[in-house]
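Asker: Quick note, the sequences are listed as chains A and B, same order.
Take 1 as the starting number for the first sequence in UniProt numbering and just add one per residue.
Take 1 as the starting number for the second sequence in UniProt numbering and just add one per residue.
In short, the hints are calculated from the structure, not lab data.
Heads up, the beta-carbon is just placed ideally off N, CA and C, and yes, glycines get one too.
There could be a bad hint or two in this list.
According to the in silico footprint, chain B covers these stretches of chain A (three or more CB under 8 Å from chain B) [stated by the list, open to error]:
1. 74–85
2. 185–197
3. 202–212
Mimicking SDA-like on lysine to any residue, the simulated pairs with C-alpha atoms at most 25 Å apart in a straight line are [to be verified]:
4. 76/A with 3/B
5. 69/A with 244/B
6. 111/A with 141/B
7. 111/A with 244/B
8. 27/A with 92/B
9. 76/A with 237/B
10. 76/A with 177/A
11. 76/A with 93/B
12. 69/A with 13/B
13. 111/A with 246/B
14. 69/A with 88/B
15. 76/A with 20/B
To be clear about the criterion: a stretch of chain B counts as covered by chain A if any three or more of its residues have a C-beta under 8 Å from a C-beta of chain A, and this derived list gives those stretches [as the list claims (entries may be wrong)]:
16. 12–23
17. 181–187
18. 239–248
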Amino acid sequence: MTAIRATNLTKRYGRTTAVAGLSFDVKAGQVTGFLGPNGAGKSTSMRMILGLDRPTSGTVTVDGRPYSKLEHPLRKIGALLDARAVHGGRSARNHLLAIAQSNAIPSSRVKEVLEMVGLGEVAGRRIGGFSLGMSQRLGIAAALLGDPEILLFDEPVNGLDPDGILWIRTLMRGLAAEGRTVFVSSHLMSEMAQTADHLIVIGRGALIADTSVAEFIGRSSQGYVRVRSPHLTEVASLLPDAELHHDHLRVTSRSPLEIGVLTAERGLALEELTFVQPTLEAAYMELTKDSLEYSS
Amino acid sequence: MIDVMRSEWTKMRSVRSTVWTLGAAGGLMLVVGVLGSLAVVSMQGGSGSYDQVSVSLAGLPFGALALATLGVIVISGEYRTGAIRVTLAAVPDRLRFLAAKTVVFTVVALVVGTAASFAAFLAGQAVFAGEGAAASLADPEVLRAVFGGGLYLTASGLLGLACGALIRHTPGAIVTVIALIMVLPVLAAVLTGETGRRIQEYVTSNAGSQITKVHPTGLAPWTGLAVYLLWVAVPFVVAAVLLRRRDA
């Protein structure tokens, strides 16, 4: 089941290419992370999914149809793009009511989603006075209004405190557990490691990887064995591919057991023999280092 | 369509700018009408040669600007805050969105504009009644002129809505609509001769305000209103075409 399908999606602004021939499928019923450095084209892609920006070429469909052909789109897909993009003078309740009415969603649902995101107490207050965390919750309430099977969040944890981040993570996992599709963008690999099942990684508007989280780690960055020994030079001479890092060796071609056997045969004592798992963060840095728009 | 109209009504009634601009329109109509009537009565008494209907509706140009401002901000406000993306994600058929907003705005402007026009007329006539010189709605052309006040205010508001939808930027759109309603007629006044005079009659508020006059000074009342609505239609159609094409 494909919830969202992008085919050769391209967006140019004048001479700048924001998205370049991007093709991917977002599978239904799981959390898909949409990952890339700032400026990689994540937000532009999301706006094109929602029919807000018109692709220069290529197509994108939601549940097999272009967004503009959905009769009551919010009942199919709910989105949070920019939590601050609301009229500050309106109350939370009226803000949501207007959105609900436009898609023939019963007004009783407004109270429900406000309770769901913990804003029931401030339903009548002007949105302008909300903190970023509250605005984020309101944006998520708006996305949930139509009880949609697909949810799309653009950088939902940006600027949130740890409580807020934890809340959003739990919410996304919960939504996926209910069988919904969650497509969430982030520039933080560590964030995706916590929540996503699948990753679509882009850089400079083009696809870098489309893979499960586990595969992603395995494919892009190998682990290594860290070896410490009082006889570092002798040990290194036994392992042709060993790299010397300060006070230890890094070995990628042999397992800890092989290294242990080899050094034991020579009677060389070891201080440490550890297999170091690659981190998602390292894998991500490795993959995107060529596609950062502004490298520091 | 009804769903989208309900949504637009909720949006419109739930912000203070609506209350403020409509209140300003009504207040200015009433205050200017009454003060104008008092001034005329104190200078000329009950027997001068003045047009009681025109004097009581002297607040119309101010009311028109207030309505035009509201017309601008009901749409440019969505662009200013970025809320337009929430709106268009909910209603991807952009023409349906624009149509719903226009219908709701028109109904609100028509109700408030007509009420303000009648209130200003009646208050003004109450002043003239003290001198035994009040006009009556039963007099020829008076009812049309007072209703015309509401129509003129509504059309002015729609001109604001069209400019707001086209320019998408509040200050720019307000300056444009003021230029169209107030500055253009002044500029046109430098035109001389028979051709110049004819051209002046067709300029925005010169044409549109004839519907509010018992004794028209240019085009016939309904012709003038139709010409004014053409001034509204042009930016409106361009805005609709661009709304479908542009990124939100």
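Asker: Are the hints correct? Go through all of them and say.
Answerer: Okay, the hints, checked on the actual structure:
no., hint, result
1, 74–85, "holds (count 6)"
2, 185–197, "violated (count 0)"
3, 202–212, "violated (count 0)"
4, 76/A with 3/B, "holds, 17 Å"
5, 69/A with 244/B, "holds, 14 Å"
6, 111/A with 141/B, "violated, 52 Å"
7, 111/A with 244/B, "violated, 33 Å"
8, 27/A with 92/B, "holds, 23 Å"
9, 76/A with 237/B, "violated, 31 Å"
10, 76/A with 177/A, "holds, 17 Å"
11, 76/A with 93/B, "holds, 16 Å"
12, 69/A with 13/B, "violated, 29 Å"
13, 111/A with 246/B, "violated, 35 Å"
14, 69/A with 88/B, "holds, 13 Å"
15, 76/A with 20/B, "violated, 37 Å"
16, 12–23, "holds (count 4)"
17, 181–187, "violated (count 0)"
18, 239–248, "holds (count 3)"
When each numbered hint is compared with the structure, violations occur for hints 2, 3, 6, 7, 9, 12, 13, 15 and 17.
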